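Each chain is listed here by its residues.
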Amino acid sequence: MCSGRVDPSFVLRAFSKGADGVFIGACHLNECNYITNGNFQALSMVSIFRKIMQYVGLNPERLKLGFVSGSEAGLYTEHVSSFVEKIKELGPIGKGEGISQDGLDLKLRAITSLIPYIRLVERERLRITLKTEAEIERFFASDEVNGLFDELLAGKLAIGQIMLLLRQGPRSTAEISEALGLSPSEVSRRLNTSSKHGLVRYDVNCKRYVAAP
Amino acid sequence: MTNTVVDSVEGEAGNFTVELTKKPKYILEDRCTGCTTCVENCPVTYPDVFNQKISTNKAIHIYFPQAIPLVAYIDESCIYLKEKKCRICSAVCKNDAIDFNQRPRKKQINIGAIILSPGIEPFDPRVRAEYRYGEYANVITSLDYERLLSSTGPFQGEVLRPSDNKHPKNIAWIQCVGSRQILEGANTYCSAVCCTYTQKQVILTKDHSPESECTIFHNDIRAYGKDFERYYDKAESLPGVRFIRSYVTIGKEIPGSKNITIRYATNDDGVKEEEFDMVVLSIGLNPPKDFKGIAAKFGIELESHGFCKTDPVNPIETTRAGVFISGAFQGPVDIPESVFGASGAGARVGELLRKRRGGLSKARVYPTERDVSEETPKIGVFVCHCGANIGRIVNVPSVVDYALSLPNVVYAQEQLFSCATNSAQQITDLAKEKGLNRVVVAACSPRTLEPLFRDTVREAGINQYFFEMANIREHCSWVHSKEKEKATEKAKDIVRMSVARACLLEPLREYDLPVNKAALVVGGGIAGMTCALSIANQGHEVYLIEKTSELGGMAKKVRYTLEGVDPAAVVQDLVSKVHKHPAVHVYTDAAITDATGYVGNFQTTIKSKRGPALIKHGAAVMAIGADLYTPTEYLYGQDDKVLTQVELEQKIADGEKSVTSCRSLAMIQCVGCRQADRNYCSRICCGHAIKNALKLREINPETDIHIYFRDMRTYGLKEDFYREASEKDIKFIRYEPSQKPLVEAVVEEGRPVLRVSAPDPVLGQMLAIDADLLVLSAAVLPSAATAEMASLFKVPLSPDGFFKEAHVKLKPVDFGTDGVYLCGAAHYPKFMKESVSQALGAAGRVLTLLSRDTVVASGSVCEVDKNMCVSCGACITVCNYGAIEFENTPLGRKAVVNPVLCKGDGVCNTKCPTNAIQLKHFTDEELLSAIDAAME
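Chains A and B supply the protein sequences, listed in that same order. Residue numbers for the first sequence follow this note's numbering, beginning at 638 and rising by one. Residue numbers for the second sequence follow this note's numbering, beginning at 9 and rising by one.
Keep in mind the hints are simulated off the structure, nothing from the lab. Any given hint could be a false lead.
[Unchecked claim] Computed spacing ranges between beta-carbons, pair by pair:
(1) A:Gly711 / B:Pro55: 25 to 33 Å
(2) A:Leu712 / B:Lys61: 31 to 39 Å
(3) B:Lys242 / A:Ala778: 27 to 35 Å
(4) A:Ala771 / B:Arg362: 28 to 36 Å
(5) B:Gln683 / A:Glu668: 17 to 25 Å
(6) B:Thr601 / A:Ala778: 51 to 59 Å
(7) B:Gln164 / A:Glu726: 51 to 59 Å
(8) A:Gly733 / B:Lys280: 52 to 60 Å
(9) B:Asp602 / A:Glu726: 54 to 62 Å
(10) A:Glu726 / B:Pro55: 44 to 52 Å
Everything numeric in this text was worked out from a predicted model, so none of it was measured. Just so you know, even glycine gets a beta-carbon here, dropped at the ideal spot from N, CA and C.
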């Protein structure tokens with residue numbers, strides 16, 4: 638099994654079960670144990686996932702990929718120790734970000750439900766043939782990729798969270814904004830779009846939004 | 009047969025009679041379980057030979073923790089053997105395994121061939137009093153240091169210096185101890201391994217304690233092996249590490265601190281004396297202790313240093329037919345050379361005994377697999393102490409108790425060494441007795457021992473994929489040696505994860521694939537031809553593919569060698585044998601257009617002068633050689649007085665006047681390599697330069713010859729030729745990569761010359777030499793065809809563009825891709841005899857495959873759930889093995905995995921939008937269950 642086999646759903650499961658950080662160890666780039674260079678896929682997955690965490694208000698530093706070979710016990714220890722230090726600094730997941738447990742669960746569930754879509758975006762728009770870690774980092778920090786995320790993922794992630802919240806019961810814009818840590822204006826915008834698509838409706842009786850049946 | 013010596017050898021190749029004496033161990037090996045109760049109770053303490061006498065051992069002991077067989081023995085320090093007193097061991101042994109009545113036993117065996125692997129003897133620095141070894145407490149040898157670094161060493165991996173058992177902070181290494189010296193008792197040759205093992209020790213030292221200061225006093229740094237240059241860079245760039253090029257003298261031992269002073273020369277400040285906490289002598293390699301006795305007993309000849317005299321182009325062949333050697337008995341060699349030489353010796357024996365192959369083998373029969381599909385999981389957990397490796401840190405009994413509390417665990421126990429034969433047998437027996445249907449062994453990394461334990465559960469009639477390994481050594485005890493309680497908790501976590509995963513494991517089927525008995529060898533140079541002939545001599549058809557119009561490869565450009573071999577004759581001999589051999593089919597002017605298939609069943613399409621052909625073969629060997637760099641430096645191509653070494657060699661051999669009557673000739677080493685874009689040493693160029701320089705000297709004693717070098721890397725026995733060159737007034741001028749020699753074409757007193765200027769590192773001034781000819785030692789490059797072959801045969805390349813073997817030390821002729829092998833310069837630049845040795849090594853590996861009728865493909869491969877597949881092809885885009893294809897099925901076009909090509913990396917799993925493709929044995933469900941268990 639290769640680091641490229643590490644699925645976003647594994648990371649999500651660890652977070653949702655209470656892990657405050659996830660460390661993935663991989664072979665050094667261009668030193669593939671197979672011939673598939675799956676560690677590049679792992680790097681790509683982690684880069685995408687960290688951006689998504691950022692979008693939903695989770696600290697992306699909670700996910701780390703380290704390149705270590707089997708003979709580099711020292712380097713491995715260094716990676717893990719510094720990561721543990723970092724996570725201690727960040728505090729428990731959710732709490733560290735000022736998000737309630739319910740809010741955290743919602744966010745993680747929203748990402749989980751988007752995994753098939755994220756895979757599609759990765760394949761169609763983010764598949765890269767860059768050879769170095771620095772190049773890949775630059776690519777994922779580029780305006781092009783940021784624009785792509787705004788266009789393809791931001792809305793879906795926000796709506797995903799809102800829908801999961803509304804399925805728990807009617808909520809006002811302010812309540813949604815508070816629960817998800819999204820700005821009221823963004824929440825209104827997303828609710829408008831969603832009601833046009835028939836996903837939510839405004840219930841005049843309780844003066845709150847409800848999920849469409 | 010351990011503890012056994014050869015008394016005499018009679019007979020001839022194919023039929024030797026050998027007399028052996030099995031010396032008594034005073035232990036009944038089949039009874040001893042390796043429990044070490046006897047060791048604990050033995051009253052005789054004496055210095056532990058395996059640990060370099062740094063720590064102590066007992067008269068009854070196990071030689072070292074991984075010894076095979078893992079049984080105790082009693083040596084001559086035993087007081088019962090001396091004085092007929094004691095016998096405590098007999099009293100405490102619960103298995104009655106002690107037998108003081110054992111006497112030496114003679115045994116005669118009849119065999120067809122002999123392989124000698126006597127190894128080396130470490131140089132003993134006591135023969136040179138100036139090293140103060142044995143006199144100053146804190147002067148130790150590199151082998152002593154090796155034991156200190158080892159987790160099974162005298163202080164369990166803690167580096168403590170002898171005088172006060174404290175951590176040394178400031179350590180010096182002295183290189184070339186006993187090597188490259190014309191001194192009584194020392195060796196003139198280079199020991200070939202010390203530069204790199206020292207770098208390893210430095211890196212490990214910095215790992216152990218990052219604040220330690222490491223200073224290496226060295227002569228040339230000989231980083232000539234594959235990936236060595238990068239390794240050297242790594243060691244050199246560590247903070248607190250100094251590499252100082254200087255001869256040294258050990259000064260005094262400081263009273264009180266027992267620190268040692270070393271005097272060394274610097275370019276700037278003259279001679280300095282510096283104090284160190286400890287000094288490590290990087291000792292060299294001597295021939296085996298009783299080399300004369302070995303030679304006499306086996307009827308072989310030795311070379312002048314006491315190593316085995318071998319065929320100058322074949323380091324496996326001794327002077328006696330039917331007697332072969334492997335390892336450093338040929339002269340100092342590193343691990344990869346030892347490994348492929350050993351495989352090569354196997355191939356030579358295979359050629360000799362071809363007709364008798366398989367005569368003594370018995371098929372292994374496993375019990376019928378029990379169908380457990382209707383049973384609930386019944387898990388047995390075995391927790392290994394690994395001697396002290398785990399048990400010293402992790403509280404093993406409490407892990408056992410914890411395991412018993414886990415759901416579905418019906419049995420748990422501890423074991424001293426789960427991997428020992430008796431322990432494995434115990435697992436098998438208990439699995440049957442307790443009706444287990446899953447087994448978890450909590451021990452070391454599955455990387456080494458998983459195959460053994462899978463076999464163990466198979467013996468109990470359980471599907472081998474019901475075995476799960478929890479790594480509580482590398483992942484736990486080794487990294488948490490200072491936090492025993494937390495380590496024990498972590499070990500429990502790891503066991504819980506494994507138990508959770510074990511519940512969900514499924515029985516998997518492995519595939520028996522028939523093996524096509526023919527081999528394909530790509531490349532008709534010395535390596536390719538040697539390999540092809542050895543395979544053919546062992547009874548297999550070989551297809552030998554050469555891209556040019558004739559066989560011979562790079563060796564055709566070599567006109568003579570340092571050792572006096574005539575390469576043309578070697579090539580001619582091989583070519584004629586290849587053409588005459590009925591089982592070798594040669595295709596010249598050939599190109600491979602397509603290669604498909606898998607281990608045991610390859611199909612390769614070629615086109616050649618004989619037209620297109622489809623070759624079916626079971627194994628393939630990449631022997632495509634290397635290319636030579638065409639320099640762009642130093643006016644090459646602009647001034648015809650600038651040549652490469654290969655061009656010089658042709659001119660020398662052809663007796664060209666411009667060369668033979670040359671007044672002054674300069675050579676520059678490392679042209680095109682050991683630099684940022686090609687960060688490797690081309691290995692052969694130093695030897696090449698010395699060879700040409702000596703030849704020129706022979707032709708014209710008057711020629712001024714200057715060699716500009718960075719490190720002269722005439723490793724091993726080639727060192728003697730370097731010395732000869734120095735003695736024959738060939739001048740060596742060292743340059744730094746930051747100040748490469750400058751070359752300009754000028755006319756001096758009417759004579760057009762090349763003026764080579766370089767700073768003299770000793771004098772600090774620029775030195776200019778006017779040369780009639782300038783010869784560049786141009787780098788060896790990966791063959792241009794390497795990348796194409798790599799993609800056709802789906803094998804990887806290393807960072808420098810040569811083929812990447814499966815393991816740089818232990819699998820130097822295998823690829824990660826089964827059934828494909830490599831040899832010769834396609835692996836890395838090497839000398840002719842190294843290529844021959846590796847070619848035979850590859851033949852040996854090919855035979856281990858082709859001698860079987862079937863091969864087994866793993867059950868842990870990917871599988872597509874056709875109902876869920878949406879035919880998007882995402883999995884196909886990431887599978888470099890080409891293991892997934894679309895297939896039309898009754899459900900429409902679906903992705904289908906060829907289980908034979910799939911190597912189980914599972915990257916495709918993360919690409920499938922519907923999770924339709926799953927890696928068996930590592931399914932989402934199995935892995936998620938382990939994650940859940942981890943977070944419980």
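If you check each hint against the structure, which ones fail?
-> Hints 4, 6, 7 contradicted; others consistent.
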